[in-house]
Amino acid sequence: EPEVTQTPSHQVTQMGQEVILRCVPISNHLYFYWYRQILGQKVEFLVSFYNNEISEKSEIFDDQFSVERPDGSNFTLKIRSTKLEDSAMYFCASRDGMNSPLHFGNGTRLTVT
Amino acid sequence: QKEVEQNSGPLSVPEGAIASLNCTYSDRGSQSFFWYRQYSGKSPELIMSIYSNGDKEDGRFTAQLNKASQYVSLLIRDSQPSDSATYLCAVESQAGTALIFGKGTTLSVSS
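Line by line, the protein sequences give chains A and B. Residue 252 is where the first sequence starts when you use our numbering, and the numbers rise one by one after that. Residue 24 is where the second sequence starts when you use our numbering, and the numbers rise one by one after that.
Calculated directly from the structure, the hints in this document are not laboratory data. All C-beta atoms, glycine included, are put in the ideal place defined by N, C-alpha and C. Careful, some of the hints might be misleading.
Unchecked claim - For lysine to any residue, the following SDA-like pairs were computed, each having C-alpha atoms within a straight-line distance of at most 25 Å: (1) K293/A - I311/A; (2) K293/A - Y62/B; (3) K334/A - V263/A; (4) K293/A - R331/A; (5) K126/B - E304/A; (6) K25/B - V263/A; (7) K65/B - L290/A.
Unchecked claim - With beta-carbon atoms standing in for the labels, derived distance ranges: (8) E80/B - S278/A: 28 to 36 Å; (9) P321/A - S133/B: 47 to 55 Å; (10) S260/A - S49/B: 32 to 40 Å; (11) K90/B - K334/A: 35 to 43 Å.
Claimed, not checked - Not the full set, but computed from the structure, chain A residues with beta-carbon under 10 Å of chain B: (12) V255; (13) Y282; (14) S299; (15) S351; (16) H354.
Using the sequences and the accompanying hints, generate a full structural model.
Quick look at the structure:
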């Protein structure tokens, strides 16, 4: 069964550094998402992406965040200057149509020290 | 502000019993509803989707939707210890551009 692939599985970075989290969505999917989950808390929506542009973003997704689909397979989340409170599990997800279920990757655990 | 509310639990049931999980949502225009299961440290995995009022059954799982009451539920029959996890309710935004998740209900099934 096709999977959403995320790399790395764990990233440790220092406060103020830039990080890029990478995702390969399922190949025939058109809609891409980033969510985050702080330890012990809910899965929070960050951003949705379709047709090479952002469809919707949450209040969390401020100017420190950006997304990109640099080629036909990758989908990335960049955090420009990490803060301690950015420490969380970041999940990439994709789906083949609006109102279809999301398929999640295994996540990248980001630790900011 | 779109909200999805769930009782955080824990909900404890003995093996073989029925577990009932509930969810309410605020966006009256939502059209798609999903239940996910999340084991500790893992990503959410889809259990069921439901789009129309009424019941939808899949094996031991039954999802129920009542759009007038803005209420979604999940019943797990013959609960097994392996069902012990956090169950997440997710609701599509009216624009159809995001799934909004509740905080989840932790289920513990004792053998």
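Verification of the hints:
Our distance criterion of 25 Å between C-alpha atoms is met by K293/A and I311/A, whose separation comes to about 13 Å. As the CA atoms of K293/A and Y62/B are separated by approximately 13 Å, the hinted pair is consistent with the 25 Å bound. A C-alpha spacing of about 12 Å is found between K334/A and V263/A, which places the hinted pair at or below 25 Å, so the restraint holds. Proposed proximity of K293/A and R331/A is supported: the alpha carbons are some 23 Å apart, at most 25 Å.
Between the alpha carbons of K126/B and E304/A the distance comes to roughly 28 Å, so the proposed pair goes past 25 Å and is violated. Pair hint K25/B plus V263/A does not hold up; C-alpha atoms about 32 Å apart against a cutoff of 25 Å. At most 25 Å may separate the alpha-carbon atoms for a hinted pair to count; K65/B and L290/A meet this at roughly 12 Å. Distance hint check for E80/B and S278/A: the Cβ-Cβ separation is about 31 Å, which falls inside the suggested range of 28 to 36 Å.
Hint check: P321/A to S133/B, Cβ distance near 49 Å, so the stated range 47 to 55 Å holds. Distance hint check for S260/A and S49/B: the Cβ-Cβ separation is about 35 Å, which falls inside the suggested range of 32 to 40 Å. The hint said 35 to 43 Å for the Cβ distance between K90/B and K334/A, and at roughly 40 Å that hint holds. For V255/A, the interface hint holds, the least distance from its beta-carbon to any beta-carbon of chain B being 9 Å, beneath 10 Å.
Contact between Y282/A and chain B, as hinted, is supported at the beta carbon level, the nearest pair being about 8 Å apart and thus within 10 Å. Checking S299/A against chain B by beta carbon gives a least distance of about 5 Å; that is within 10 Å, so the hint holds. Hint on S351/A holds. Least Cβ distance to chain B is approximately 8 Å, under the 10 Å limit. Taking 10 Å as the C-beta contact cut-off toward chain B, the hint placing H354/A at the interface holds, the least distance being around 7 Å.
In the structure shown, a violation is registered for the earlier hints numbered 5, 6, in ascending order.
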